[in-house]
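**Student:** Given chain A's structure and the hints, the job is docking chains B and C onto it.
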Amino acid sequence: MELIKKVLQGDEKSAARLISIIEEGGDEGNRAISLIFPHTGRAHIIGVTGAPGSGKSTLIGKLAVSFADKGRKVGIIAVDPTSSKDNGAFLGDRLRMRNAEKTEDIFIRSMANRGYPGGIAKATAGAIYVLEALGKEIIMVETVGAGQSEIQIYSLCNTVITLLTPDCGDEIQLMKAGLIEIGDIVAINKTDNAGAEDLLANVAAYIEQHKTKSRQTRVLAIQADKGSGIENLTDALNAHFSFLNENSHGKDLKKIKLKTFMLALLKEEIWNKSLNVLTGNERFEGIVKKLEKGEIDPYAAAQMASEMTGL
Amino acid sequence: MHEKIIKVLIAKPGLDGHDRGAKVVSQALKEAGMEVIYSGLHKTIDQIIHIAIQEDVDVIGLSIMTGAHIQIVEKLMKKMKEEDIFDKTVFVGGVIPTKDVSKLKELGVAGVFPGGTPLSETIEFIKNNVKKT
Amino acid sequence: MAVARYIKDEKDRILDVILESGIHVKPSYTPDDLNRIGFDYEKDVADPGQYPFTRGIHPLGYRSRAWTTRQYTGFGSPEETNERFKLMISHGQTGLNVAFDLPTQMGYDSDHPMSEGEVGRVGMAVDTLRDFEIAFKDIQMDKVGAGLTINAVASIVLAMYQAVGEKYGYDPKTISATPQNDILKEMVGRGAWIFPVEPAVKLIGDTIEYSMTVMPRTNPVSVCGYHIRESGATPSQEIAYAILIANAYIDNVLARGYDIDAFVGRFSFNLNVFGNMWEQVAKFRAARKLWARNLKEKYNVKNQQNLFLRGLFGGGGYGLTKAQPENNIMRGAYYALVAALSGAQTTALCSYDEAYTIPTPHSALLSLRTLQILMDETGLRDTVDPLAGSYFIETLTKEMENKIEEEMEKIEKYGGMIKAVSNGYIQKLVARQAYEVEKGLETGELLKVGVNIYKEGESKEVELHEYNYESAERQIKALKQVKSRRSQRDVARTLKELETVTKEGRNVMPCLVECCKAYVTLGEMTDIFRQEFSEFQEPALF
Chain A
112 MELIKKVLQG
122 DEKSAARLIS
132 IIEEGGDEGN
142 RAISLIFPHT
152 GRAHIIGVTG
162 APGSGKSTLI
172 GKLAVSFADK
182 GRKVGIIAVD
192 PTSSKDNGAF
202 LGDRLRMRNA
212 EKTEDIFIRS
222 MANRGYPGGI
232 AKATAGAIYV
242 LEALGKEIIM
252 VETVGAGQSE
262 IQIYSLCNTV
272 ITLLTPDCGD
282 EIQLMKAGLI
292 EIGDIVAINK
302 TDNAGAEDLL
312 ANVAAYIEQH
322 KTKSRQTRVL
332 AIQADKGSGI
342 ENLTDALNAH
352 FSFLNENSHG
362 KDLKKIKLKT
372 FMLALLKEEI
382 WNKSLNVLTG
392 NERFEGIVKK
402 LEKGEIDPYA
412 AAQMASEMTG
422 L
Chain B
397 MHEKIIKVLI
407 AKPGLDGHDR
417 GAKVVSQALK
427 EAGMEVIYSG
437 LHKTIDQIIH
447 IAIQEDVDVI
457 GLSIMTGAHI
467 QIVEKLMKKM
477 KEEDIFDKTV
487 FVGGVIPTKD
497 VSKLKELGVA
507 GVFPGGTPLS
517 ETIEFIKNNV
527 KKT
Chain C
3 MAVARYIKDE
13 KDRILDVILE
23 SGIHVKPSYT
33 PDDLNRIGFD
43 YEKDVADPGQ
53 YPFTRGIHPL
63 GYRSRAWTTR
73 QYTGFGSPEE
83 TNERFKLMIS
93 HGQTGLNVAF
103 DLPTQMGYDS
113 DHPMSEGEVG
123 RVGMAVDTLR
133 DFEIAFKDIQ
143 MDKVGAGLTI
153 NAVASIVLAM
163 YQAVGEKYGY
173 DPKTISATPQ
183 NDILKEMVGR
193 GAWIFPVEPA
203 VKLIGDTIEY
213 SMTVMPRTNP
223 VSVCGYHIRE
233 SGATPSQEIA
243 YAILIANAYI
253 DNVLARGYDI
263 DAFVGRFSFN
273 LNVFGNMWEQ
283 VAKFRAARKL
293 WARNLKEKYN
303 VKNQQNLFLR
313 GLFGGGGYGL
323 TKAQPENNIM
333 RGAYYALVAA
343 LSGAQTTALC
353 SYDEAYTIPT
363 PHSALLSLRT
373 LQILMDETGL
383 RDTVDPLAGS
393 YFIETLTKEM
403 ENKIEEEMEK
413 IEKYGGMIKA
423 VSNGYIQKLV
433 ARQAYEVEKG
443 LETGELLKVG
453 VNIYKEGESK
463 EVELHEYNYE
473 SAERQIKALK
483 QVKSRRSQRD
493 VARTLKELET
503 VTKEGRNVMP
513 CLVECCKAYV
523 TLGEMTDIFR
533 QEFSEFQEPA
543 LF
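Chains as they are written, first to last, in this note's numbering: chain A, 112 to 422; chain B, 397 to 529; chain C, 3 to 544.
Mixed in with the good hints there might be a few duds.
[Stated by the list, open to error] Pairwise CB distance ranges (calculated):
id, chain 1, residue 1, chain 2, residue 2, range
1, C, Tyr8, A, Lys337, 57 to 63 angstroms
2, B, Lys527, A, Leu119, 24 to 30 angstroms
3, C, Arg532, A, Gly164, 54 to 60 angstroms
4, C, Glu458, B, Thr440, 28 to 34 angstroms
5, A, Ser195, C, Met332, 45 to 51 angstroms
6, A, Asp197, C, Glu534, 41 to 47 angstroms
7, B, Asn524, A, Lys116, 30 to 36 angstroms
8, B, Thr440, C, Gly381, 51 to 57 angstroms
9, A, Leu119, B, Asn524, 32 to 38 angstroms
10, B, Lys527, A, Gly164, 19 to 25 angstroms
11, B, Glu479, C, Lys169, 23 to 29 angstroms
12, A, Asp197, C, Glu447, 18 to 24 angstroms
13, C, Thr362, A, Glu248, 34 to 40 angstroms
Everything labelled a hint here was simulated from the structure, so no lab data went into it.
Don't be surprised by glycine CBs; every beta carbon is placed ideally from N, CA and C.
Bound-form chain A, shown alone:
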């Protein structure tokens, strides 16, 4: 593909176009991914997750500039939710990365999740591959920010930063939500707000209790909008990446994550295929009617429907 060649040469316009093709999906999109995939695998993929309003965009903007100042080539993918009501989306994250926008060598791409679950868009992985092929060494992904459901980010990234703030709610809820489990680094933002110290202490204690030999989550305090703690964070990110690359466990983890992500895609595939089979199918409609009349229970109905898919 002509486009792929240009991307490998560093052409931004082609990279942007290629990401769009992947977003549109279908055969062309899949082919593009196959062609670009061989050029990936070396970049540091950093995911940033956290509740809406926790400061993800601000943080990513600051990190990007910090890395770029040190000569690193950075890409950013910011994912926002598509409205289920009207199918439209505001892609408002890059507005908050003013300085990153002005910096050469930082490529920012916004994506709507188009209903895809897990905090990212279906095409996010493809977009990451494209940015890698474009020559970006560090690629940061900002998730939608819905919280608990954002597990896909874990399998997509080398390092995940979980961003918490003092007003983000009950800490017990956070722990239950597994947010802390996902993060390789937990960053406490907006430390000038009340409750920051307590949050920091509680999270640190929780992590201490749950740490294992292979999982050593770090906790850091930052104030993204003021730029404080950013240096510490970039150091921690670099350290984590080195650790992953030098450690055999790190290499295993990469394989596990690849499979996990593939399984998530597979799940979508199977679901979509099943839906195709069932939608408009008379027998399926029949099952649904029986369910609605109360003649069968939901579990039995689901069982019958799944048998129809032939799997």
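**Tutor:** Just chains B and C now, kept in the frame of chain A:
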């Protein structure tokens, strides 16, 4: 296979800070099912083009309130030529006298929607005039 | 702009009226309504000139003095501005209201790339003291005050005003400037911001502190509910946010150890008049009361004079239409009526051809005559607060008071005005409301003559001023000349001093005056601030 989703950049070029119209249009386009990026205030043409390229938008909408629309569009079109991105549709809104509309269209603007244009009109226009397929 | 929501039956009879602030208007009002709200004349309203000033800040109102009219001036070059100043004064205007071009407002010199196509377009271009020298030549600066529509770089422009006053032999204590100087509203509704919230508020505190001693006739802050209203805020939000913004500036100065009575009396407000007529009058009455109460109860202001809500009630920009523009002349007359019924001390009207550029002399004159006719021919000067005692107006005033307080509480609950503006809470809210209004206009739920009803009529084309390339060129040439003739040593010295003072967090004003006198450019001074403060980061939008 659903209809292709339209991606729009609503941009505020230059120093003017009146963004009520740009924000209203952004909300309308989003509710019409489009993916909308708002550039924020005080953007240069270079910055706007930069965003349009990286985001591979289908449409660029400029909101201009100060009367400098001809100059701004001339600059934009020059840059679009340099970057070869004429597959993107350009429309202009804001304070635009009727007598300037033909000049703007000559320069390459596909549609002009001065303040007071019904939002539905702008939405229809975009849906019918997106170049990229 | 369309006003209330009307619920009508199929015979076009009004079943309900819902004002923008959310208040429902009944078919008629009686003494029962006054009882219902617990109306107490002394407590709720009182005589004009008596706390809480609901009826007005002065016992005699317009009987003592007609309102001050301020129409925009400030045109392209300093020379043209000077001419326009003299013209308006000869027509009877009693105060100057100066507009600046966008590069000036945004802290760029006329020769900066960002200024291209904007030099002198929407107002006067100011690069150095030389421009002010030309603009204010032969103007009696101790007799005519100047409203300066400047915000992000108000400190610089105020310093320049002092410098030019001194140059023409006026003692700074005798000249009167009213810089708009309200940065928080810029972030919400006007967009001419440069620096982040905290340093921007600090600069405002500097101007207030400085003016207390050096230029005591300065009205250092004009808190603008106006633009917030233009961006989509309801009338009750307009007042709520204005009071909270004023409080944010007050808090900054109090933190420096000053007594509130020493400065708050010179705060003024810039409030909008478009909307439902009754809601507006009730709004202004409630605003006077709430501002006075805010100062007395929250800040313990002792001097009665300092409790006055002084302000410019006027404008009405969003209410005007492009369709059938001559209709805007009538709208202007109605808005002027609202301002007069509300007891405005100062007023200005958007001209009928207003389109974000400055009005033609003809349309500016029409606006001025509208205001003069109202004051001198129709009886608006006869008595103070003529609507007082009306069952409707007193009830509505009380209800507006409640609504305004509700809006204030919402912000306090969020974490305060500064947080709300920095995080974009208010911006998001008003943008959403603006969108709902637009939808309402399109469905016809909100009525607008010439736009969605009574559309037959000539739609005269709005004439925009042609950009004056020659004038811009001359300005840039003049700037070059000033730069070549000034003392480079003085420039370097005063700029260095400004840098130090800014770094150390001291009051920048004395230094700015010295910079102006050395013909340091506006852009050079702003760059120091940009370097030290960095730039405002627009918050999340939707």
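**Student:** Could you run down the list of hints and mark each one as holding or not?
**Tutor:** Status of the hints after comparison with the structure:
The beta-carbon spacing between Tyr8 (chain C) and Lys337 (chain A), approximately 49 angstroms, falls outside the hinted interval of 57 to 63 angstroms. The hinted window of 24 to 30 angstroms between Lys527 (chain B) and Leu119 (chain A) holds, with their beta carbons roughly 27 angstroms apart. For Arg532 (chain C) paired with Gly164 (chain A), a C-beta distance near 28 angstroms fails the hint of 54 to 60 angstroms. Our hint of 28 to 34 angstroms for Glu458 (chain C) and Thr440 (chain B) is violated, since their Cβ atoms are close to 43 angstroms apart.
In this structure, Ser195 (chain A) and Met332 (chain C) meet the distance hint of 45 to 51 angstroms, their C-beta atoms being roughly 46 angstroms apart. Separation of Asp197 (chain A) from Glu534 (chain C) is about 45 angstroms and conforms to the stated range, judged on CB atoms against 41 to 47 angstroms. Between Asn524 (chain B) and Lys116 (chain A) the C-beta distance comes to about 34 angstroms, which sits within the given range of 30 to 36 angstroms. Between Thr440 (chain B) and Gly381 (chain C) the beta carbon distance is about 54 angstroms. The supplied range of 51 to 57 angstroms therefore holds.
For Leu119 (chain A) paired with Asn524 (chain B), a C-beta distance near 37 angstroms keeps the hint of 32 to 38 angstroms intact. For the hinted restraint 19 to 25 angstroms between Lys527 (chain B) and Gly164 (chain A), the CB-CB distance of approximately 37 angstroms leaves it violated. Taking the beta carbon of each, Glu479 (chain B) and Lys169 (chain C) are about 50 angstroms apart, not inside 23 to 29 angstroms as hinted. The beta-carbon spacing between Asp197 (chain A) and Glu447 (chain C), approximately 20 angstroms, falls within the hinted interval of 18 to 24 angstroms.
The beta-carbon spacing between Thr362 (chain C) and Glu248 (chain A), approximately 58 angstroms, falls outside the hinted interval of 34 to 40 angstroms.
Violation of the numbered hints given earlier is confined to hints 1, 3, 4, 10, 11 and 13; the remaining hints are satisfied by the structure.
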